[in-house]
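Let chain A serve as the given structure and place chain B on it in line with the hints.
As given, the protein sequences belong to chains A and B, one line each in that order.
So for the first sequence, the numbering used here puts the first residue at 398; every next one is plus one.
So for the second sequence, the numbering used here puts the first residue at 5; every next one is plus one.
Worth flagging that the hints you see were computed from the coordinates, not collected in a lab.
These numbers come from a predicted model, not from an experiment.
A few of these clues could be false.
Here are some chain B residues the structure puts well away from chain A; computed CB gaps all over 10 Å [claimed, not checked]:
1) S24
2) G28
3) L40
4) A43
5) T45
6) Q70
7) V75
8) L83
9) R91
10) E103
11) R155
12) K163
In silico BS3-like links for lysine-lysine, alpha-carbon gap of 25 Å or less [what the hints assert, rightly or not]:
13) A:K707 - B:K123
14) A:K538 - B:K135
15) B:K68 - A:K710
16) B:K69 - A:K585
17) B:K68 - B:K135
18) A:K400 - A:K585
19) B:K73 - A:K585
20) A:K763 - A:K919
21) A:K462 - B:K73
22) A:K616 - A:K538
23) B:K19 - A:K710
24) A:K411 - A:K538
25) B:K68 - A:K585
26) B:K58 - B:K69
27) A:K538 - B:K19
28) B:K135 - A:K587
29) B:K135 - A:K707
30) A:K399 - A:K585
31) A:K587 - B:K68
32) A:K568 - B:K19
33) A:K710 - B:K73
Idealized CB from N, CA, C, for every residue including glycine.
Chain by chain, the residues:
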Amino acid sequence: MKKTGSDIILETLKEEGTDVIFGYPGANTLPIHDRLRESPIRHYLMRHEQAAAHAADGYARATGKVGVCLSTSGPGATNMVTGIATAYMDSTPLIALTGQVTTNLLGSDAFQETDIIGITMPITKHSFLLNDVREVESTLKEAFELARSGRPGPVLVDMPRDVLTASYAGKSRSNNGQRSKKQHTSPKEKLEQIKHIATYLNRAERPIIIIGGGVKLGKACTQLSELIEKGRIPFVTTMMGIGSIDSSNGFNLGFIGTHGNELANSTVHHSDFILAVGTRFSDRSTSTIEEFAPLATIAQIDIDPTSIGKNIKVDLQLISDIGEAITEMIPLIEKKERPEWFQRINKERELSEKRGSCEGCGPAGKLISMIQDIMPEKTIAVADVGLNQIWTVRSWQPKTPRGLITCGGMGTMGFSVPAAIGAKIGVQNQEVVAFSGDGGFYMNIQELATISCYNLPVKIVVFNNGNLGMIRQLQDLFYGSRFNASELGNKVDMVMVAKGFGIDAGRVSVNDPESGIEKMRKTDGPYLLEVMVDPDAYVFPLIPPGLSNIEMIYGRSD
Amino acid sequence: MNGEEHLISMLVNNKPGVLSRVAGVFGRLGYNIESLCVAATTDPEISKITLVSKSNSDSTERTKKQLEKLVDVVEVTELSQIQSVQRELILIGIKLHQEHRAEIARAVDIFGCKIISMKSDYYILEVVDNKEKIETVLNYFAPLGIEEIARTGVIALEKEQ
Numbered sequence: 398m399k400k401t402g403s404d405i406i407l408e409t410l411k412e413e414g415t416d417v418i419f420g421y422p423g424a425n426t427l428p429i430h431d432r433l434r435e436s437p438i439r440h441y442l443m444r445h446e447q448a449a450a451h452a453a454d455g456y457a458r459a460t461g462k463v464g465v466c467l468s469t470s471g472p473g474a475t476n477m478v479t480g481i482a483t484a485y486m487d488s489t490p491l492i493a494l495t496g497q498v499t500t501n502l503l504g505s506d507a508f509q510e511t512d513i514i515g516i517t518m519p520i521t522k523h524s525f526l527l528n529d530v531r532e533v534e535s536t537l538k539e540a541f542e543l544a545r546s547g548r549p550g551p552v553l554v555d556m557p558r559d560v561l562t563a564s565y566a567g568k569s570r571s572n573n574g575q576r577s578k579k580q581h582t583s584p585k586e587k588l589e590q591i592k593h594i595a596t597y598l599n600r601a602e603r604p605i606i607i608i609g610g611g612v613k614l615g616k617a618c619t620q621l622s623e624l625i626e627k628g629r630i631p632f633v634t635t636m637m638g639i640g641s642i643d644s645s646n647g648f649n650l651g652f653i654g655t656h657g658n659e660l661a662n663s664t665v666h667h668s669d670f671i672l673a674v675g676t677r678f679s680d681r682s683t684s685t686i687e688e689f690a691p692l693a694t695i696a697q698i699d700i701d702p703t704s705i706g707k708n709i710k711v712d713l714q715l716i717s718d719i720g721e722a723i724t725e726m727i728p729l730i731e732k733k734e735r736p737e738w739f740q741r742i743n744k745e746r747e748l749s750e751k752r753g754s755c756e757g758c759g760p761a762g763k764l765i766s767m768i769q770d771i772m773p774e775k776t777i778a779v780a781d782v783g784l785n786q787i788w789t790v791r792s793w794q795p796k797t798p799r800g801l802i803t804c805g806g807m808g809t810m811g812f813s814v815p816a817a818i819g820a821k822i823g824v825q826n827q828e829v830v831a832f833s834g835d836g837g838f839y840m841n842i843q844e845l846a847t848i849s850c851y852n853l854p855v856k857i858v859v860f861n862n863g864n865l866g867m868i869r870q871l872q873d874l875f876y877g878s879r880f881n882a883s884e885l886g887n888k889v890d891m892v893m894v895a896k897g898f899g900i901d902a903g904r905v906s907v908n909d910p911e912s913g914i915e916k917m918r919k920t921d922g923p924y925l926l927e928v929m930v931d932p933d934a935y936v937f938p939l940i941p942p943g944l945s946n947i948e949m950i951y952g953r954s955d
Numbered sequence: 005m006n007g008e009e010h011l012i013s014m015l016v017n018n019k020p021g022v023l024s025r026v027a028g029v030f031g032r033l034g035y036n037i038e039s040l041c042v043a044a045t046t047d048p049e050i051s052k053i054t055l056v057s058k059s060n061s062d063s064t065e066r067t068k069k070q071l072e073k074l075v076d077v078v079e080v081t082e083l084s085q086i087q088s089v090q091r092e093l094i095l096i097g098i099k100l101h102q103e104h105r106a107e108i109a110r111a112v113d114i115f116g117c118k119i120i121s122m123k124s125d126y127y128i129l130e131v132v133d134n135k136e137k138i139e140t141v142l143n144y145f146a147p148l149g150i151e152e153i154a155r156t157g158v159i160a161l162e163k164e165q
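Okay, chain B solo, but in the shape it has when bound:
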């Protein structure tokens, strides 16, 4: 689906069903949720949802208003690349073929990946970085044979309050 990606950070009441309601708003608008990360804040009654949505519209005004209308949503902010720090954690499972061992070792070094599991010929690498860096790492390892990945989706905080 073509369209703009938007990074949205929301504070919501930590209650059953909140996620369903939030997802419902995007579903009804026909926007896809590319990634979503949710956990409690320092206040156990409030959770933060960080999500990336993709829509045909370049404006998030309508989405923001619909989300704010939900009773359990406290605050909605759209985050920009420049004004926030963004991180994502990815686990990459790589099958180790003899001919690629050296190259993989070198890549792990360059990209600063951590090898967090080593079983005979299967490594699991961990990368924590912004989206662009992660895409670079994935593109690099792709031809070397990625078995499986798991991503958290982007989380972000504004640089200034």
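Just chain A, same shape as in the assembly:
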């Protein structure tokens, strides 16, 4: 039976487990959008292609499946670039399908033509141009395999329109796929390295484990939790690692880095052995590299060889799937009490709690905790970027690895609302709350129409301080309070705007939010809660640029 390239694509997507596509049509996607009508795959029409990419990203982060987004050629594809870059920096498994002009027009500056493969080369794990309908199935299968294997990442598939309409009845032809690569380490070498690391860990007097985003990506949370319990080893996370282990776990000391908490940063600083798992030691978590963990021997486990020893000099390394490595390591770990180390940690914990002058996350943080208490246990929080993000990641305590979603590597404003759309569609029976500031909220505000049109019961909390809060804070602290280009103003009636989009909304002050939160919780459909916040409400502590992890400041006066 003859099928067109579009049919083959949709069937292959289905075979690879795709139930949902976030997309936006254009002239060059008409053939595939036509076939989507009868396909079991549900297509969600977003209101901007960037949002389609963020939604696919949010879907993937909430479910662990590969997210799929679709745009047309030219401006549609370039609109997805920010979303693809966001997924790339955080290693989200994503397939970005882009329409393209017909093969005979390639390179001719045709209408809505752009070399999207060229443009996205540095921000995709790999990309393919479909130029033969007979190879479409094998190419797409390979794209999925790349997106989800090893260190996951976005893969772009460019689809010229004539390939979408070409018919083919035969078996799928191989596209002369990739040769298998040389393995970096033999199983015997791996075992040796695991033994080494375990030996050092057992001998260490002040050990700590740093958990990065790679542990959830590698689905190794349970194994790591077991290792921590067995060895009784304290741990910290990077921002991307929050939730890998239940936040309320007694060994959890918080998260490290520029906006992390003091206990986490100081414990790492004083440790003598660090086991870093699934982290790439980004500058946000290490601050000044020369002064990072000066006393520690560092062991790093990651599936991606380029992440090991890239920023920090590492003493022991293991290139491996984290789950496998940790499973092998558990029997070798000795249960040790280390009373002095814990005594020291507890003392440090008391000291940092006593610092009463520290604003912390202020009333905004309390509000976020209040929302978490009132929403069902499995609610997923999606944070945007800026003050709202730090308030959220410091206050929301996820019980599961996918309980808190935020974009770390790229720090893309406007991420949370479309990502929350994707997450909600992915998890269906769980509640999803998107937190945002007014700045980020405007960036993908058009997605309120998507939410309204599909009646998605997403809850949106917008902290409105009339400013780009984080920028304002940085200008206040480090640029002599010379504010510029950080004031957004207060002319916009956000509640009216939301209602205009067909979404129920309410406004509260951050100091008196109970009624608004209650209303939000009780509303069946989507709801937007605008929370008015004082522009002088900042987030502390933080590490000033150029300083080390233990040089946090606690207030304006520091």
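Same frame as chain A, but now just chain B:
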């Protein structure tokens, strides 16, 4: 640009765009590609890229890992002077002035150049040798008046498998 030169040999899938991706890795790291030679191996689906890169770093570890990360790259090896044989082919266009004819004839003899084109007063010489020898030849002919050169860049094979 000051820095270390590294000779890198890679096997890659013979597909459109591979070269672009490889070059992109060097570009992003800020390393210059001094020379590059690419052609299919005995397996038409696999090509070999031999390149010389210059960077401020004396280590190629990071570069090697970034290259190996590319889906279309099969293998990356850094070659050392001692453990490999290296050759480069250069064509040198020389204008023949009467006063230099004898000297040029002598040089061609000493260096073992081949004269592959002779037109009135313009010779094209071919030299195949390692980099040092080629530099010597170029330095010798420079004062005699080199019009134009074309070089392939180094290719190399390891002496032992």
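Is the Cα-Cα distance between K710 of chain A and K73 of chain B 25 Å or less? holds, 20 Å
In terms of Cβ atoms, is chain A entirely out of 10 Å range of S24 of chain B? Per Cβ check, S24 of chain B is inside 10 Å of chain A; nearest 7 Å; violated.
Pairwise hint evaluation, K135 of chain B against K538 of chain A, where the allowed Cα distance is 25 Å at most: Distance of about 45 Å is beyond 25 Å: violated.
Given hint K135 of chain B paired with K68 of chain B - CA-CA distance at most 25 Å: At roughly 23 Å apart (the allowed maximum being 25 Å), K135 of chain B and K68 of chain B satisfy the hint.
Please work out if K69 of chain B and K585 of chain A have their alpha carbons no farther apart than 25 Å. holds, 22 Å
Just checking, Q70 of chain B versus chain A, shortest CB gap more than 10 Å? violated, 6 Å
Is the claim that R91 of chain B lies outside the interface with chain A correct, judged by CB distances over 10 Å? holds, 26 Å
Is it the case that E103 of chain B keeps its Cβ farther than 10 Å from each residue Cβ in chain A? Given a closest Cβ separation of 52 Å, the condition holds.
Decide, holds or violated, for the assertion that all CB atoms of chain A are farther than 10 Å from the CB of R155 of chain B. holds, 28 Å
Non-interface claim for T45 of chain B versus chain A (Cβ beyond 10 Å): Check passes; 12 Å lies beyond 10 Å.
Interface exclusion of V75 of chain B relative to chain A, criterion Cβ beyond 10 Å: Per Cβ check, V75 of chain B is inside 10 Å of chain A; nearest 4 Å; violated.
Straight-line Cα separation of K462 of chain A and K73 of chain B no greater than 25 Å? Between K462 of chain A and K73 of chain B the Cα gap is close to 23 Å, so the pair holds against 25 Å.
Of the numbered hints given earlier, the model fails hints 1, 2, 6, 7, 13, 14, 18, 23, 28, 29, 30; all others are met.
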